[in-house]
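Go by the hints and put chain B onto chain A.
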Amino acid sequence: MNWLDIGALDDIPRRGARVVKTAHGCVAIFRTGDDRVFAIDDRCPHKGGPLSEGIVHGHMVTCPLHNRVFALETGLAQGADAGAVTTYPARIEGGRILLDARRLLRGRAA
Amino acid sequence: MKKKLVIIGAGMASGRALEHLLSVDPQSWDVTLFNAEPRGNYNRIMLSPVLSGEKTYAEIVTHDDNWYARRNITCRFGESVVRIDRHNKVVHSSKGSAPYDKLLIATGSAPFIIPVAGKDLQGVVTYRDMDDTQAMIDASARSGGKAVVIGGGLLGLEAAAGLRLRGMEVTVIHLMGHLMERQLDPAAGYLLQKDLEARGLRVHCKGATKAILGKDRAEAVLLEDGTVYDADLVCIAVGIRPETRLATDAALDVGRGITVNDQMLTSDPDILAVGECVEHDGQLFGLVAPLYDQARVVANTLTGQEAAFRPVQTATRLKVTGVDLFSAGDFADGPEREDIVFRDPARGVYKRLVIENDRLIGAVMYGDTVDGSWFSGLIRDGTDIAPMRDTLIFGPAYQGETGTDPLAAVAALPSDAEICGCNGICKGAIVTAIEGGDTTLARIRATTTASASCGTCAGLVEQILACTLGDAFQLPAAQPICGCTDLTHEDTRRLIKARILTSMPAVMQELGWKTSCGCHICRPALNFYLLADWPLDYTDDPQSRFVNERNHANIQKDGTYSVVPRMWGGMTNPRELRAIADAADKYAIPAVKVTGGQRIDLLGVRKEDLPNVWADLNAAGLVSGHAYSKGLRTVKTCVGTDFCRFGTQDSTGLGIRLEKRLWGSWTPHKVKLAVSGCPRNCAEATCKDIGIVCVDSGFEIGVGGAAGMDLKEVERLAKVATEAEAIDLTVAFFQLYREHAKYLDRPYKWLAKVGLDWVRAQVVDDPENRAALIERFDLSQSLYQRDPWADRATPKAQAEFAPMADLTQEAAE
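Those protein sequence lines, which keep their order, are chains A and B. Every letter in the first sequence is one number past the one before it in this note's numbering, and letter 27, counting from 1, is 388. Every letter in the second sequence is one number past the one before it in this note's numbering, and letter 606, counting from 1, is 734.
Here chain B stands alone, though its shape is the one from the complex:
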């Protein structure tokens, strides 16, 4: 014999309870479902998109006729229950009755109607169900209609935004000083009001409604301060109260809502209640997440399984398209409470975290809410946020790489845990150093060598500092790339790799760029990082390159360009020289100069001539010398054993082979090489980014030289016996620099940061890593080693280098 279950109300909570119950125990129950509305379960949360026209009613139905039919549920829709007879266990409706073994009350809530004159006029609606929604849709169908929404809370604003989208002129009257005061603080409320006003809504805060005016139907709303707003439609959305009349009449325990225990049982053990109509532990519920939790408990209680409802903090999001708002927990001011606030007025972003006793208890966000669920989790779990307080407001992305709470993880590490892998430094050694007075990263680095090599553990060391010193620790201010972001170059490079960001929009979106498309500082850097890290996935963006790299020539102060063809290892021949001379004549190039990099510079070329000059030079076998690029510039050589009586190796040949291997690649900054055939060093290899000096017994490879803004001699990377090894080490070093250096750091600057030891460990001491670096370089070269001049010596490119129109011959009328 099946047990009779009667349910009063087909809302979201009872719908979910039914799903749970019948999936666990489909056979035992004979279900009768009453609903005052003439329809079954639909997703009430989605009424706002229906009102705004973004969805239809059919799209938000969760349970259709078939669903009930398949489960043999007796649907009594459009039939209001009027009385519960607990003694005989029968419910009476307007049309009949139904006996029950178990009764589930899910009557939901009723809109609160403000007691003002005119509240019963035609054209005054509430916003609770599909009929209300339909009434508003019908009212908005008349063009030029005016609507007044009373109530600037969640529901009122959704109604207002929907009516506005339907073309009505909408005014929101709100009693309090700012919108959504239960979910938002004044600052976020202000941003919301600004956003809504920008969408054409009028907002009147601190407005108390005195009366709704009109003869037969609503015509206007009068406020206490005397303001009158015309209104064809008045929507009252000032709040809801649990619908408890049936329960009260049945003499069940009722407070503000129907009182239930943890098992969702009312004071009558055969009657359960669920949803907005209940009061549990003094609390009412209006958001869907706790209602779903209740629904699961109801199903368990009915099937005799143990379950208890435990309310958790729930977050609010406003369902108005394009308004990004999030609120969770409690954010009222209090004596024990502290705030962390972040504001970015230009982006309209506001974030506020409320902390009490090192626990996050509230979060309000406006404009950027991606971290909302993470903050919700912290509130729910009561996580101790003290260790990550410094970066808390920036969200989980700034809490290191290992998870949501790495500081706690760091604090929990045993003292023999290795922190600096390069130098084998354990946590204990670092803590000892800190306790001995080394309270900055630099000091720890100096005494323990932790993070002195590759530097990737610097963040960990700082976290240990933070854990050990507590509040005394202050994170050094890092230099962001530019005003578009707060991230440093190093963080950006790390996140591009770690989060597999392979396009510029992905980087800007995921890393929260503050500008729509970056600026002249960050875009060239991002373009390089992306093409260096993801050569196969990323497409080079010419519009993110400085003019020289976009036009493949060096812009001069008068807007003309210089053109430098490549001369491999500084070698040339009569044919090439003739082609250069012919081009200089043909295009009336005003200056021809020999450069310090052993090649020839044609200066003063007009932009529109560039593709033609390139085509002529290409015809003689000359390609771009990339004298304009952050990439391989020149490989300067001496004549070595070919001609020189002192030469020890084929320095010219090695230089040419290196240049042929490396040309066309992009690097963080320009890279210049040289190969000298003997220690007399005629090619000046010891002040180059990479300089090789040949000796009798092999090749001395130096890196990190400079002879520009700074003057610096190279440091010895390694000495090798064969030319093949010299090339391998050079290519591997080159790729390591490409993968790790900050944009616009020459190798010597990068080396000062990471240390030569670390580089040597990667390139010299670890043959597998060296081979991998070389492989990645060659992969990139398979795509990027192309002559840009040949690519642009086409009629289409020629047209693009010319003015798009010439009005010099057009006369004024």
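Here chain A stands alone, though its shape is the one from the complex:
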């Protein structure tokens, strides 16, 4: 694990998301209504929609472009849709959000 402090929990609104730029593309950091955080690729496997801009409900997000729904915990598409987005370990410690950046840093083979 390579936990990086990427910001405060309060930087993200409840049931909202912000992005973290990485060498391998943007990662969306979600804060759910129950104050948990999840990190997934900010790219819908369908047409590349920015998932960070979707409406967050429960532990799911709906892509803003064509309404595909993904589980934040597993990255799996819900309902009849197939596909998945990559997820990354993220956690909260003392009001700060920590992201496991092992797979996200420059110099690592993508």
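Please keep in mind that the hints were generated in silico from the structure rather than gathered at the bench. Some hints here could point you the wrong way.
[Stated by the list, open to error] Residues from chain B that keep clear of chain A, each with C-beta distances beyond 12 Å, as calculated: (1) V498; (2) C650; (3) A849; (4) W886.
[Unchecked claim] No more than 27 Å apart at the CA atoms, straight line, and that leaves these computed lysine-lysine pairs for DSS-like: (5) B/K685 - A/K382; (6) A/K408 - B/K685; (7) B/K714 - A/K382; (8) B/K924 - A/K382; (9) B/K721 - A/K408; (10) A/K382 - B/K322; (11) A/K408 - B/K798.
[Said to hold, decoys possible] Coverage of chain A stretches by chain B, computed from C-beta distances (three or more under 8 Å per stretch; other residues unrestricted): (12) 362 to 368; (13) 383 to 390; (14) 406 to 412; (15) 423 to 436; (16) 441 to 449.
Backbone N, C-alpha and C define an ideal beta-carbon position, used for all residues, glycine too.
This is chain B only, laid out in the frame that chain A set:
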């Protein structure tokens, strides 16, 4: 000379009887109160919270020493009565005696002890009083202790949950196939078991206890099937039986309990009995509500007033925090009995109603019990539920607006009662139509025009259908908003208004949303309904808005945005055009396009640039064009009398004034306007949501046009002589649409549902209503007419539009 009243037992029933008696007649009685427990009255029902640690003993005492002292009651606590001498009218206790004129027996009940080996070992307790509770609290104080509770009924489960909360490892042994079989059916019992297991309890159903093992004290429980559970504490809670020994010894009539008549008198006219120790009409009582009724009767009988005890159905609720369970009446299967069952596995909700001869006789609910008291009432009153059977299980909220049993009310209406206020249609006309073969709402609407206008009486008409047709009537399946609810948009809007629900959590809680926080379909709709209905109370929730309305720009397929500044009535000037050009250059905006709504679209703006682009455009006086919103988009105009040789009115000026009045407001769907200066209609006003065509004699206002998925010409709302009237009608129509339409219905779709006649009646024919609509619109605008771009052109907003961190420069270790 005061009369001597002796009471044996200071439980909840006798405590309540004392309260009643001394409040009615404080002077006549000299009261002696015996209690085997060394304490006075406390709320026995609350022993469970004491066991679980949620309350203390002091908090559940109902009558303290002061209370008895002030009433001159002689308290003989910790003193067991051993004999009643009816001949000399004296009771004898372990320590003395007391003469009586009237005696009240309130000995309550004793726990039933299963006759197995080891039942008398140390560490085996029952669960009836404060001493039992204290014994369990003491036992749980040793960490890592194991407890076995024998009995999975109400009391056993409360004991088990309390011991678990005290940190013990708890196993519940239950003889029957499912928990609480007297109150729950197997399905609800299963849900309860699942819930308790999730709380760390182990449940063993169909378990018969063979013996309690141990040398000096309890060590384990052995079941008939050979299973052994280790136990430092064994709590036997398999049931209670009335404590009747004193009465039996005194040769009073005793069945299962002490026999009492309606006046709560035993077979000796000077001896009354009350509470769990009595048997009335063959029935025993364990719940508190009937005991309180008995207590009142006791007080009346003692003071010589007429009173009779009539047992009523009582409901059960389990007092385990977080377990929502309700049961009332009788729910055993039977040949004449029918069930209505509702299940929602995802929410862990189960409801079952048992019906016999069109009367509700039993109700079991698990997970959602808010309607429990209503069902209890139906059971108690023996209400005829046939007319509301279709929606019965959904509870009172679905029985219309007028009370708990509107169908009965509808059935009782005289035939000249007006049902459809808009069209003046009476019940008789509707019934005649139904009897003539119009058996659907649509057919009735077509032949009688009932509910053809505003539609609010549609439910009433359906109820008349239901009453008239009986079982032949089937309610059409309404389309719910989404999977989070079974309610339609229309029902939701109505209930938000009727029940004054002013926040999203209130709506979801009160209307029983099935998900924790809705979904991408219902949340934007609810957000709109709430802000439109309660502009002062509700706070707009950006997280319940689609990305475009949250970011105040239109998202494009590549994740960039388009930015459209407002050009009032399609007018612009060199300064604005320069600012737009400068912004396009400065932020390398790849495309600039003129839109169909007479303004300019900047396409391909990166999200992090949005606040900066807005700030630059703001500086030139440009504000958001809301090209992204379910709200006012554009007011397209022609140049009218300013330049055009055919122009009849100042169409540009009117368009600008309308846009300045309406911009910034949110609507169910986007709204586009146009104002043409003459019937040549260069602004294409006749296919807009609201289109005004100027003529020599005034203004023709059309509504409900469309030129998108559907192509539709506007219908004439009215023709008016002055510009002021044209603006008033437009604003009033706009607000009526805001208040009534379903989210994502354009005006033409809404009009198809409510009818232009109804809209005209509201907006054109009723000046008072028009003024009220305008007033409500302006009130909302006083809060919502703000430029969102200016609000977000701040450093804080700029930071929020940027990534929260940039790891592109961080290297792997």
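Outcome of the hint check:
1. Listed as outside the interface, B/V498 is consistent with that label: its C-beta sits roughly 22 Å from the nearest C-beta of chain A, beyond the 12 Å cut-off.
2. Residue-level check failed: B/C650 sits 9 Å from the nearest beta carbon of chain A, not beyond 12 Å.
3. Interface exclusion of B/A849 from chain A stands, the closest Cβ pair being 47 Å apart, more than 12 Å.
4. The claim that B/W886 lies off the interface holds: its Cβ sits roughly 34 Å from the closest Cβ of chain A, which is beyond the 12 Å cut-off.
5. In summary, the hint linking B/K685 to A/K382 is supported, as the alpha carbons are separated by about 20 Å, within the 27 Å threshold.
6. This hinted pair checks out: A/K408 and B/K685 have alpha carbons roughly 8 Å apart, not beyond 27 Å.
7. Proximity of B/K714 to A/K382 is assessed by CA-CA distance (about 23 Å); at most 27 Å being required, the pair is judged to hold.
8. Taken as a hint, the B/K924 and A/K382 pair is honoured in the structure, with Cα atoms around 19 Å apart against an allowance of 27 Å.
9. With a CA separation close to 24 Å, the supplied pair B/K721 and A/K408 stays within the 27 Å bound.
10. Distance restraint check for A/K382 and B/K322: the Cα-Cα separation of roughly 44 Å exceeds the 27 Å cut-off, and the hinted pair is therefore not satisfied.
11. Under the criterion of a C-alpha separation no larger than 27 Å, the hint pairing A/K408 with B/K798 is consistent with the structure, at around 26 Å.
12. Remark: the region 362 to 368 of chain A is confirmed as covered by chain B, as 4 of its residues place a Cβ nearer than 8 Å to a Cβ of that chain, reaching the required three.
13. Counting residues of the region 383 to 390 of chain A whose beta carbon lies closer than 8 Å to any beta carbon of chain B gives 4, which reaches the threshold of three, so the coverage claim holds.
14. Figure legend: the region 406 to 412 of chain A, annotated as covered by chain B; annotation consistent (4 residues with Cβ-Cβ distances under 8 Å, at least 3 required).
15. Note: the region 423 to 436 of chain A has 5 residues with beta-carbon separation from chain B under 8 Å; the three-residue rule is met and the coverage holds.
16. Three residues within the 8 Å Cβ limit are the bar, and the region 441 to 449 of chain A against chain B gives 0, so the coverage statement is violated.
Consistency with the previously given hints fails for numbers 2, 10, 16, ordered from lowest to highest.
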